[in-house]
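Q: Sequence:
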Amino acid sequence: MAESETVTLTLESDEGTDELEVPTTLIEMLAEGDESPPEVVGDIAMFGLAQRIHSATHHSEGEVSDEVAETETLTLDLFEKRFGRSFAELTGHSH
Numbered sequence: 000m001a002e003s004e005t006v007t008l009t010l011e012s013d014e015g016t017d018e019l020e021v022p023t024t025l026i027e028m029l030a031e032g033d034e035s036p037p038e039v040v041g042d043i044a045m046f047g048l049a050q051r052i053h054s055a056t057h058h059s060e061g062e063v064s065d066e067v068a069e070t071e072t073l074t075l076d077l078f079e080k081r082f083g084r085s086f087a088e089l090t091g092h093s094h
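Quick note on numbering that gives the first Met the number 0: the sequence shown kicks off at 0 and runs consecutively.
These aren't lab readings, by the way, just hints derived from the structure by calculation.
The structure displayed is predicted, hence computed values, not measured ones.
It is possible that part of the hints are untrue.
Here are the computed distance ranges between Cβ atoms for each label pair [to be verified]: (1) 46 x 12: 17 to 27 Å; (2) 64 x 20: 33 to 43 Å; (3) 30 x 62: 38 to 48 Å; (4) 37 x 70: 16 to 26 Å; (5) 81 x 9: 17 to 27 Å; (6) 33 x 89: 19 to 29 Å; (7) 31 x 85: 13 to 23 Å; (8) 27 x 62: 18 to 28 Å; (9) 4 x 58: 35 to 45 Å; (10) 60 x 33: 39 to 49 Å.
By construction, the Cβ of each residue, glycine as well, lies at the ideal position given by its N, Cα and C atoms.
Model the full assembly from the supplied sequences, consistent with the hints where possible.
A: Structure, rendered in structure tokens:
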């Protein structure tokens, strides 16, 4: 068992901060190699954000705005930059 039951991570931007408390054992289970807690949570956040914009773009009714389409393109570019592989490659889901 880990030294502490939870780890607190701070999210910070120019618009403010937020703290997130997560179980240490969960971070350890999800870590690949020697990834730090912020890296683990960052990876999960990027996956979640990519899934959300993908869903908004391809799985909602009607046409999406140019802004949504452009946001998906940027998000998926940042996803690939972070992971070295595309969202479609890592999830097996493409359009």
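Q: Compare the structure with each hint and give your call.
A: Taking the hints in turn, this is what the structure says about them:
1. 46 x 12: 17 to 27 Å: holds, 19 Å
2. 64 x 20: 33 to 43 Å: Holds - the Cβ-Cβ distance for residue 64 and residue 20, about 36 Å, lies within 33 to 43 Å.
3. 30 x 62: 38 to 48 Å: holds, 40 Å
4. 37 x 70: 16 to 26 Å: About 24 Å separates the Cβ atoms of residue 37 and residue 70, which means 16 to 26 Å holds.
5. 81 x 9: 17 to 27 Å: Given range 17 to 27 Å: holds, Cβ gap about 20 Å.
6. 33 x 89: 19 to 29 Å: Given range 19 to 29 Å: holds, Cβ gap about 21 Å.
7. 31 x 85: 13 to 23 Å: Hint holds: Cβ distance 18 Å, inside 13 to 23 Å.
8. 27 x 62: 18 to 28 Å: Once the Cβ atoms are compared, 44 Å apart, the range 18 to 28 Å for residue 62 and residue 27 is violated.
9. 4 x 58: 35 to 45 Å: holds, 37 Å
10. 60 x 33: 39 to 49 Å: holds, 44 Å
In terms of the numbered hints stated before, the structure departs from hint 8 and from no other.
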